[in-house]
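These protein sequence lines map, in sequence, to chains A and B. Each residue of the first sequence is one higher than the one before, counting from 1 in the working numbering. Each residue of the second sequence is one higher than the one before, counting from 1001 in the working numbering.
Since the hints were derived computationally from the structure, they do not count as laboratory data. This one's a predicted model, so the numbers in the text were calculated from it and none came from an experiment. Certain hints may be false.
The calculated BS3-like cross-link candidates involving lysine-lysine, where the alpha carbons are at most 25 Å apart (straight line), are [to be verified]:
#, chain 1, residue 1, chain 2, residue 2
1, B, Lys1049, B, Lys1031
2, B, Lys1002, B, Lys1062
3, B, Lys1002, A, Lys155
4, A, Lys155, B, Lys1140
5, B, Lys1091, B, Lys1154
6, A, Lys213, A, Lys248
7, B, Lys1031, B, Lys1062
8, A, Lys2, A, Lys135
9, B, Lys1140, A, Lys248
10, A, Lys213, B, Lys1271
11, B, Lys1271, B, Lys1062
12, B, Lys1140, B, Lys1049
13, A, Lys155, A, Lys2
14, B, Lys1271, B, Lys1002
15, B, Lys1002, A, Lys213
16, B, Lys1210, B, Lys1062
17, B, Lys1154, B, Lys1031
18, A, Lys155, B, Lys1062
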Amino acid sequence: MKPTELVVISGKGGTGKTSLVAAFATLAAECVLADCDVDASNLHLIHHSELVLREPFSGRVRASIDPDRCTDCGICEAMCRFDAILPTGGNGSSMAFHPTVNPHLCEGCGVCAWFCPEKAIDLYDGEDGHVLLSKTRCGPMVHARLGVAGENSGKLVGLVREQARELATMRELDTILIDGSPGIGCPVIASLTGADMALIVTEPSVSGMHDLKRIAELADGFGIPTLVAVNRWDVNPQLADEIETLAKEQGLEFAGRIRYDNAFSRAQLEGKSVLDIESNGLADDIRQVWSVIHARLDGMNQPEAL
Amino acid sequence: MKLAIASGKGGAGKTMVATNLAWTAAQQGVKTAFLDCDVEEPNAALFLKPDIENVIPVHVPKPVINQDVCTHCGLCSDICRYNALAVLSDKVLLFNELCHSCGGCVHVCPEHAIHEEPRLVGHIDAGHAGALKVCTGVLKVGEAIAPPVVKAVKQQAGDETLTILDSPPGTACPAVETVRDADFVLFVAEATPFGRHDLALAIDLAQALKRPFAVMLNRADLDHGETRRWCEENGFRVLAEIDEDRRIAEKCSSGELVVDALPDYREVFTKLLEDVVAAAEITTNERVQG
């Protein structure tokens, strides 16, 4: 049976996605964890994970100019749409009598290599990061590390998801918990593609509200059931109410509220899940939200009645 | 001077710091522009509340295929490394969201059957909050590629003395596009293990792009000075610290500027502005002389 994939997203960063995913993982029976926040992944910090496997990832190719063959005709520079080719002397070095490629700006389109009359430009696989597999006490975790200015975070997210799916099938685990990234761009779109359910974790602030509308619109385009949870609701109870109303108006299911408590930060400092440390009602809030999600997941995991 | 306010982790307080710095500068009479480059989730305008004077559309070039002239030779699909073009026996299919607008297909087509037309991917809200110029980049929902909108926002910089760029979180292409030509980067980091982990990644990025930088610690008392010591040990300059304060969370939640709502923080931002401008000037001079 295909595992059920729950993706946790937020639009705005720092609303508590990762801490909640870690807490849900301890509450779920057994699951596969997938950290798809590939350019700032943190889930491994909570779960005392033990690295098992590390595979290099290439997002796309980069161009490199062979100084021996280059005649400095300038065609590559003129055709590059990404300002990635520095003209002769452009890198500040008087030694280079040919153009050079800035690998951080090169998007690997290959147009320069195709049109170079001297065939002086080679394309090589960029080193854009690693896909990692770790063991945690809650089950296996697939995560990644995008390299510095690494390209194609969307493709890396896709790889993480694929490996998580393979693992879940192999070990007969029926749930994949996905920690998404902030924003609405390519890594988020890649996290939502093919997921079965989304949970938006928001906060009661003008920013949280603004971003919730955008991420909900994006999730709506994928036509999957979407739930909303409000973290730190008591920082602004009035806005928390408004978010609950907004969520319901937009046809999103409201999964509950979680109170403001620096237990999240304390848990991080101790390298623990927030459920493992003393807090004032916070753990109950999280269990309550999880029970709503769990019921929905269970419904999905049941084979449809004939 | 172009000052980028960035962070690895989301929600570290970038927008809070960027808006309050810009507001402080503008109130001192410094001609300042604020460019919100966090185009996926732009929030600064919620705090600065500018009057929008202009809505500027952002387009990217997209190929348009003249199916009458096309001979289905397949070269356009060969050159496209993003799989945005599929050549069938009787037509060419274009997948807009995969296209990076590199222009390869236009140049390679032997029949000149491909030209480019603008495709809307976002817009910029341009206006003023008092004397402060505020430009907000907004990526259209459903669009995957943010850098063209970031680039367009950056072009709104004029002859201001100070330009503050509010960067997207992370270390991927939208953040690279924001900080790559900044004169100075101020990283806002939470003093937590997540914050420190992501700050390290963001600093790697600044170093790879050869950008001078300093750090500002938010919720600085959370880890009992561990992140500060880590910065000191690694030679990263910490310009300011703000401790955990629920009042800030509450004021920010309703869209208020800290320097307006909590006067006791005015001094912190005034001093931070002075220090960051001084640090940026020193590194700029060093580069000019070096």
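Hint check:
Between Lys1049 of chain B and Lys1031 of chain B the CA atoms are separated by roughly 18 Å; this keeps the pair inside 25 Å, and the hint holds. Simply put, Lys1002 of chain B and Lys1062 of chain B have alpha-carbon atoms about 31 Å apart, too far for the 25 Å limit, and the pair is violated. About 32 Å separates the Cα atoms of Lys1002 of chain B and Lys155 of chain A, which puts this hinted pair outside 25 Å; it is violated. Our distance criterion of 25 Å between C-alpha atoms is met by Lys155 of chain A and Lys1140 of chain B, whose separation comes to about 21 Å.
For the hint linking Lys1091 of chain B to Lys1154 of chain B, the alpha-carbon distance of about 38 Å lies beyond 25 Å, and the restraint is violated. Between the alpha carbons of Lys213 of chain A and Lys248 of chain A the distance comes to roughly 12 Å, so the proposed pair stays at or under 25 Å and holds. Between Lys1031 of chain B and Lys1062 of chain B the CA atoms are separated by roughly 37 Å; this puts the pair beyond 25 Å, and the hint is violated. Pair hint Lys2 of chain A plus Lys135 of chain A holds up; C-alpha atoms about 22 Å apart against a cutoff of 25 Å.
Restraint check: the Cα-Cα separation between Lys1140 of chain B and Lys248 of chain A comes to about 24 Å, which is no more than 25 Å; the hinted pair holds. About 36 Å separates the Cα atoms of Lys213 of chain A and Lys1271 of chain B, which puts this hinted pair outside 25 Å; it is violated. The suggested pairing of Lys1271 of chain B with Lys1062 of chain B is violated, with an alpha-carbon distance near 47 Å, which exceeds 25 Å. Only pairs whose Cα atoms come within 25 Å are accepted, and Lys1140 of chain B paired with Lys1049 of chain B is accepted, the gap being roughly 21 Å.
Note on Lys155 of chain A and Lys2 of chain A: the hinted pairing holds, with a Cα-Cα distance of about 21 Å set against a maximum of 25 Å. Using a Cα cut-off of 25 Å, the hinted pair Lys1271 of chain B and Lys1002 of chain B holds, with the two alpha carbons roughly 18 Å apart. For the proposed pair Lys1002 of chain B and Lys213 of chain A, the alpha carbon gap of about 31 Å is over 25 Å, so the pair is violated. The suggested pairing of Lys1210 of chain B with Lys1062 of chain B is violated, with an alpha-carbon distance near 33 Å, which exceeds 25 Å.
For the hint linking Lys1154 of chain B to Lys1031 of chain B, the alpha-carbon distance of about 17 Å falls within 25 Å, and the restraint holds. A hinted pair counts as satisfied when its Cα atoms are at most 25 Å apart, and Lys155 of chain A with Lys1062 of chain B qualifies at roughly 22 Å.
Checked against the numbered hints given earlier, the structure breaks hints 2, 3, 5, 7, 10, 11, 15, 16 and satisfies all the rest.
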